[in-house]
Each structure stands twice: as C-alpha cells, then as structure tokens.
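Note that the protein sequences, when read in sequence, are chains A and B.
Okay, so the first sequence: first residue is 1 according to UniProt numbering, each after it adds one.
Okay, so the second sequence: first residue is 1 according to UniProt numbering, each after it adds one.
To be clear, the hints were calculated from the coordinates, so they are not data collected in a lab.
Computed from a predicted model, the values in this text were never measured in an experiment.
Beta carbons: idealized from backbone N, C-alpha and C, even for Gly.
Some hints here could point you the wrong way.
[As the list claims (entries may be wrong)] Calculated lysine to aspartate or glutamate pairs in the EDC-like style (CA-CA distance at most 20 Å, straight line):
(1) A:Lys93 to B:Glu172
(2) B:Lys152 to A:Asp83
(3) B:Lys152 to A:Asp41
(4) B:Lys152 to B:Glu194
(5) B:Lys156 to A:Asp41
(6) B:Lys3 to A:Glu82
(7) B:Lys271 to A:Glu89
(8) B:Lys271 to A:Glu80
(9) A:Lys2 to A:Asp63
(10) B:Lys152 to A:Glu82
(11) A:Lys93 to A:Glu58
(12) B:Lys156 to A:Asp85
(13) A:Lys2 to B:Glu172
(14) A:Lys2 to A:Glu58
(15) A:Lys21 to A:Asp112
(16) B:Lys152 to A:Asp85
(17) B:Lys156 to A:Glu103
(18) B:Lys152 to A:Asp112
[As the list claims (entries may be wrong)] Taking beta-carbon pairs under 7 Å as the criterion, some of the chain B residues facing chain A (in silico):
(19) Ser2
(20) Ala6
(21) Ala10
(22) Ala111
(23) Ala158
(24) Ile160
[To be verified] Which chain B residues stay away from chain A? Per the calculated CB distances, all over 10 Å, these:
(25) Met128
(26) Gln157
(27) Gly159
(28) Leu169
(29) Leu243
(30) Trp251
(31) Pro329
(32) Leu375
These are the residues of each chain, in order.
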Amino acid sequence: MKYLMLVCVDPDFTPGEDDGKPDVDDWAGEMDGKGIRLMGDRTRPSSAATTVRVRNREVLVTDGPFTETKDVIAGFDVLECEDLDQAIEVASKHPMAWAGAIELRPVWPWGDE
Amino acid sequence: MSKDIAAVYADGWSRIVATMIRLTGDWSLAEECAQEAFATALRVWPESGTPDQPLAWLTTVARRTAIDRVRRAAVEREKLREVAMEPAPWTVDAEIPDDRLELMFTCCHPALNVEAQVALTLRGVAGMSTAEIARAFLVPEKTMGQRIFRAKQRIKQAGIPFRVPPGHLLPERLSAVLHVLYLLFNEGYSGAGELCREAIRIGRTLAGLMPDEPEALGLLALMLVQDARREARTGADGTLLTLDEQDRTRWDRERIDEGATLCERALRHGKAGPFQLQAAIAVCHATASGTDDTDWTQIAGLYEHLRRVAPSPVVDLNRAVAVAMASGPHAGLELVDAIDELDGYHLLHATRADLLRRAGRDDEAVDSWRRALELAPTEAERQLLSHRLAAAQRTGLRTAPPTAPQPAE
Chain A
1 MKYLMLVCVD
11 PDFTPGEDDG
21 KPDVDDWAGE
31 MDGKGIRLMG
41 DRTRPSSAAT
51 TVRVRNREVL
61 VTDGPFTETK
71 DVIAGFDVLE
81 CEDLDQAIEV
91 ASKHPMAWAG
101 AIELRPVWPW
111 GDE
Chain B
1 MSKDIAAVYA
11 DGWSRIVATM
21 IRLTGDWSLA
31 EECAQEAFAT
41 ALRVWPESGT
51 PDQPLAWLTT
61 VARRTAIDRV
71 RRAAVEREKL
81 REVAMEPAPW
91 TVDAEIPDDR
101 LELMFTCCHP
111 ALNVEAQVAL
121 TLRGVAGMST
131 AEIARAFLVP
141 EKTMGQRIFR
151 AKQRIKQAGI
161 PFRVPPGHLL
171 PERLSAVLHV
181 LYLLFNEGYS
191 GAGELCREAI
201 RIGRTLAGLM
211 PDEPEALGLL
221 ALMLVQDARR
231 EARTGADGTL
241 LTLDEQDRTR
251 WDRERIDEGA
261 TLCERALRHG
271 KAGPFQLQAA
281 IAVCHATASG
291 TDDTDWTQIA
301 GLYEHLRRVA
311 PSPVVDLNRA
321 VAVAMASGPH
331 AGLELVDAID
341 ELDGYHLLHA
351 TRADLLRRAG
361 RDDEAVDSWR
371 RALELAPTEA
381 ERQLLSHRLA
391 AAQRTGLRTA
401 PPTAPQPAE
C-alpha cells in the first residue's frame with residue numbers, strides 16, 4: 001500500500017533540549033535502503049507558496065498558502081508499506097513525529113473503488 | 001433459532017467471520033457469508049439433521065457463498081479480483097484454523113477510536129446484531145450501523161492489518177484489547193447485563209488463545225469475581241448495596257473460585273500487571289466472610305503496587321479506603337485529602353463523607369454526602385446516597401445542641 005506522509009510542524013509544541021529524536025538523514029537513508037521511501041522532500045515555507053484556483057474559466061493566482069495549510073506542512077514522503085502498522089513504525093522513526101506530527105494518508109489509486 | 005444452531009452460533013459466528021476475513025480481506029463480505037451460512041443451516045438442518053462437523057459445514061457454505069459472490073462481482077465488473085481461496089473444503093473441525101485472535105486485534109487497533117473498537121468487537125467477535133449493540137449503548141440502530149460501517153471502511157482504506165501484532169508491538173496492543181473488553185464489562189455492570197456475559201465469553205476465548213499472557217488471565221479473573229457478586233449488588237427495591245451490606249451467601253462461589261485460581265495462575269508468571277492486581281484485590285474481598293475478616297493490610301499493599309504500575313487518582317482513592325479500614329479513618333482521610341484531581345467524582349465525596357462519619361465529624365460528613373449526591377450519575381446511586389445523607393442528618397441532629405443558635409441579624 002502506498003501512503004503519502006505529510007510531515008507537519010506543531011506550533012504549540014516545544015521539544016526539550018536532548019529528547020533523543022532521530023536524525024532525518026539516517027531516517028531517509030534507512031527507508032530508501034529498504035525500498036519503503038519512494039520519494040520525498042522538504043517544502044519551502046508558506047511565504048513561497050502560491051495558490052491556484054480556476055473560477056469562471058479564469059485562472060486566479062494568489063500569493064501564499066491555502067489558509068488551512070498555512071505553516072503546517074513542512075515536507076512530504078511517499079511510502080510503500082505492507083500495511084498501516086508498518087507505515088506507523090516508519091513514521092514514528094521520523095524526527096518530525098517527535099517534534100511535530102505526521103499524517104499518514106493512504107493513496108487512493110485511480111480505478112479503485 | 002433451533003437449539004443446535006444456537007449452540008453453534010455462540011462460538012461459531014466469530015470463528016467463521018474471522019476465517020472469512022482472512023480469506024477474503026473483506027469484512028462486510030465475510031459477515032454476509034457467515035450470515036448466509038447460518039441461514040442455510042436454519043433451512044437445512046431441521047430436515048437433514050445436524051451435521052457431524054457443524055463448524056466445518058458452516059465454513060464450507062460460507063466459503064462457497066464468498067466464491068459465488070466474488071465471481072459474480074468479477075463478471076459484472078469484467079475484472080477478475082484476486083481472492084485467496086483455498087481449493088479443498090475442510091472436513092474436520094480441528095483443521096479449521098482459529099482466526100479469532102487476529103480478529104480481536106484488528107477490531108481493537110489503535111487507529112480506530114474506542115467507540116469503533118467496542119462496536120466492532122461486539123459485532124465481529126461476540127456476534128451481537130447491530131440492533132442489540134445499539135440497544136446496549138442506548139443509541140439508535142441507524143447510528144450504530146453507521147459506526148460499524150465506517151469502522152469497517154476505515155480498516156480497509158487505512159490498511160489496518162488482520163493479524164496478531166509482532167512481539168515488540170504485542171504488549172501495548174494486547175493492553176488495548178483488554179481495555180476494550182473491560183470497558184464492555186463495565187458498561188454491562190452498570191447497565192445491560194448481556195454485555196458482561198459477552199465480555200466474559202470473549203475474555204475466556206482470549207485467555208484460551210493466549211494462555212501465557214498473564215494480563216489476559218488477570219482480566220478474566222477480575223471479570224469473573226466481579227460478576228459473581230452481580231445478584232447480591234442490589235437490594236429487593238433495586239438500591240445498590242455496598243460490599244459490607246451484601247448478602248455474601250448470594251455470591252456465586254463457583255465463579256469466585258474459578259477467578260481465584262486464574263488469578264493465582266496469572267501471578268505465578270511474576271509479571272503483575274494492572275488487571276492481575278485488580279483481580280487479586282477482588283479475590284481478597286470475595287474470599288473473606290465479612291468486612292471484619294477482610295485482609296485490609298494486604299489490599300492496601302496491592303493498591304500500593306497498583307498505583308506504581310498504573311497510577312491513577314481513582315486507585316489512590318481506593319487505596320485510601322483500604323488504609324482507613326486497616327489503620328483507621330484518620331489515616332484514610334489524610335490520603336483522600338491529598339488527592340486533588342477528583343473533585344467532580346461522586347465517590348471521592350462519598351468516601352470522604354463515610355470516613356468523616358467514622359471519625360465522628362458528622363457535620364462535615366453531611367456536606368460531603370450532599371456533594372456526592374449532586375454528582376452521582378445513576379438513579380440507583382442517588383438513592384443510596386440520599387439514604388446516607390438522611391442518616392447523617394439524623395445523627396447530626398442528635399449531636400447538635402437542642403436549640404440551634406439564631407443567625408445573627
């Protein structure tokens with residue numbers, strides 16, 4: 001199963017000095033090596049975001065993020081996992097699960113019910 | 001339902017559903033096929049007689065139904081679906097793998113909310129109908145139907161696996177399963193009794209499937225010992241009776257003995273978890289002939305152990321009660337007053353009131369009974385508490401000066 005892993009910041013949470021959280025490069029190296037992480041990157045902050053809408057056949061472009069995602073999404077990864085348990089394990093090893101939150105969205109392929 | 005079929009249903013439903021889920025990976029299809037199998041049995045058995053291997057018979061019918069439905073769906077959609085169907089039908093019950101443990105762990109997966117876990121467990125593992133579950137939780141049948149439907153969808157879409165979790169996940173996942181069972185039991189203890197029965201039945205299955213998990217044994221022991229007191233818990237007029245008011249001859253000795261034996265067996269593993277400790281406490285109470293010969297020092301010690309493995313203010317409160325029984329109301333009051341999280345909990349105030357009464361501070365006791373009465377959640381408890389309040393007020397009057405001082409103008 002494919003999962004989109006949304007790596008999110010949690011503005012209300014300040015982690016302690018040395019909370020033992022893992023290193024992101026180690027994480028990516030391990031998951032790439034196991035063939036679990038298919039792709040992934042950081043995203044630039046919302047100040048670099050652009051929102052596109054088409055209304056009445058007219059393309060409307062606005063500066064900044066779609067309000068609800070403001071400052072929340074810091075990166076994404078696409079995982080190929082056996083099941084949710086494996087995806088949870090992978091997510092729990094990511095440093096942003098320790099400092100922010102990670103949302104696991106199962107990918108819904110075209111053609112599936 | 002004929003007697004034979006009912007007997008097979010009690011245990012067979014969850015086994016057939018679990019096996020069909022393993023084979024098809026589709027929860028709704030699995031249930032429909034199990035239903036179809038029992039419906040066929042209802043039609044066929046009265047004429048042909050009950051088969052020698054009823055479970056194998058039912059499983060075979062369920063599998064055929066599944067194969068038919070999947071084929072039909074595949075033809076309709078002109079697309080073949082891969083279904084892991086084993087070719088040969090089972091002929092002997094013993095050869096049918098027992099998939100109920102997988103079913104329980106999937107129903108109680110932490111990615112499902114607790115309400116969904118409870119509903120799925122009752123539907124899948126206990127085989128209760130949606131209408132029965134809805135009645136037990138006092139929600140409309142439609143609401144419960146949606147809840148179960150959404151939970152099944154979620155299992156499929158989120159990719160929740162159908163399996164017993166691997167070793168490193170097992171302790172935390174098992175504790176979720178036990179938690180759901182105990183929740184069911186408690187729901188039944190204060191309301192629909194059938195939930196208690198189902199919780200114990202599932203608990204037995206679980207303990208049978210995981211005989212080396214002491215907490216599974218501990219939970220079963222705890223439920224058995226508590227359930228043994230069910231009949232004695234209420235008076236003739238439906239009021240709740242406290243432990244020392246209950247007629248101990250009405251306790252179910254057989255259940256208590258079974259619970260005590262299980263508890264001992266669990267504790268021998270040397271890994272005393274919260275359910276084993278609670279069971280041990282319940283056994284201490286249930287095997288004493290009265291309040292006076294109850295081993296309160298041991299109970300206080302068990303609570304002390306319990307608050308180390310599972311700290312909670314409710315445990316602190318219970319420990320205070322045991323300490324008060326072992327060492328007097330003042331020691332108990334000191335512990336009660338040190339608890340600062342339970343101001344909205346009626347039993348904190350009821351306990352405090354009782355300890356104040358025993359310490360001879362009746363006026364203060366009246367205030368605490370009042371507060372407990374305000375907070376009590378059920379009618380039975382309100383009745384019990386208003387009796388206590390009335391008694392305390394009478395005692396209070398006797399000890400008050402003959403003419404009460406007039407309030408200052």
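Hints and how they fare:
Restraint check for A:Lys93 and B:Glu172: the C-alpha separation of about 17 Å stays at or below 20 Å, so the hint holds. Proximity of B:Lys152 to A:Asp83 is assessed by CA-CA distance (about 15 Å); at most 20 Å being required, the pair is judged to hold. For the given pair, B:Lys152 sits about 33 Å from A:Asp41 by alpha-carbon distance, which is inconsistent with the 20 Å threshold. Simply put, B:Lys152 and B:Glu194 have alpha-carbon atoms about 24 Å apart, too far for the 20 Å limit, and the pair is violated.
Straight-line distance between C-alpha atoms of B:Lys156 and A:Asp41 comes to about 28 Å, which puts the hinted pair past the 20 Å bound. A threshold of 20 Å between alpha carbons decides the hint, and for B:Lys3 with A:Glu82 the separation of about 43 Å lies outside it, so the pair is violated. Restraint check for B:Lys271 and A:Glu89: the C-alpha separation of about 26 Å exceeds 20 Å, so the hint is violated. Pair hint B:Lys271 plus A:Glu80 does not hold up; C-alpha atoms about 38 Å apart against a cutoff of 20 Å.
Pair hint A:Lys2 plus A:Asp63 does not hold up; C-alpha atoms about 31 Å apart against a cutoff of 20 Å. Restraint check for B:Lys152 and A:Glu82: satisfied, since their Cα atoms lie roughly 19 Å apart, inside the 20 Å limit. Taking the CA atoms of A:Lys93 and A:Glu58, the gap is about 44 Å. The hint is violated against a cut of 20 Å. At roughly 13 Å between alpha-carbon atoms, B:Lys156 and A:Asp85 fall within 20 Å of each other, so this suggested pair holds.
Among the hinted pairs, A:Lys2 with B:Glu172 is inconsistent with the structure: their alpha-carbon atoms are about 25 Å apart, more than 20 Å. Annotation: proposed proximity of A:Lys2 to A:Glu58 is violated, straight-line Cα distance about 34 Å (limit 20 Å). At roughly 37 Å between alpha-carbon atoms, A:Lys21 and A:Asp112 are farther apart than 20 Å, so this suggested pair is violated. As the CA atoms of B:Lys152 and A:Asp85 are separated by approximately 17 Å, the hinted pair is consistent with the 20 Å bound.
Our distance criterion of 20 Å between C-alpha atoms is met by B:Lys156 and A:Glu103, whose separation comes to about 17 Å. At roughly 17 Å between alpha-carbon atoms, B:Lys152 and A:Asp112 fall within 20 Å of each other, so this suggested pair holds. The interface hint given for B:Ser2 is broken, as the beta carbon of that residue sits about 38 Å from the closest beta carbon of chain A, more than 7 Å. Interface restraint check: B:Ala6 against chain A, minimum CB-CB distance 36 Å, threshold 7 Å, status violated.
Contact between B:Ala10 and chain A, as hinted, is not supported at the beta carbon level, the nearest pair being about 31 Å apart and thus beyond 7 Å. Checking B:Ala111 against chain A by beta carbon gives a least distance of about 6 Å; that is within 7 Å, so the hint holds. The interface hint given for B:Ala158 holds, since its Cβ lies 5 Å from the closest Cβ of chain A, which is under the 7 Å cut-off. A hinted interface residue such as B:Ile160 counts as satisfied when its beta carbon comes closer than 7 Å to some beta carbon of chain A; here the least separation is about 5 Å, so the hint holds.
With a least CB separation of 26 Å from chain A, B:Met128 remains clear of the 10 Å interface cut-off, as annotated. Not every CB of chain A is more than 10 Å from the CB of B:Gln157 (nearest about 6 Å), against its label as outside the interface. The claim that B:Gly159 lies off the interface is violated: its Cβ sits roughly 4 Å from the closest Cβ of chain A, which falls inside the 10 Å cut-off. Remark: the non-interface label on B:Leu169 conflicts with the geometry, its nearest Cβ contact in chain A lying 7 Å away (cut-off 10 Å).
Taking the minimum C-beta to C-beta distance to chain A, about 43 Å, the non-interface status of B:Leu243 holds against the 10 Å cut. Once the 10 Å rule is applied to beta carbons, B:Trp251 is consistent with being away from chain A; the minimum gap is 43 Å. A cut-off of 10 Å between C-beta atoms confirms that B:Pro329 is not in contact with chain A; the least separation is 43 Å. Under the 10 Å C-beta cut-off, the non-interface status given to B:Leu375 relative to chain A holds; the minimum distance is some 32 Å.
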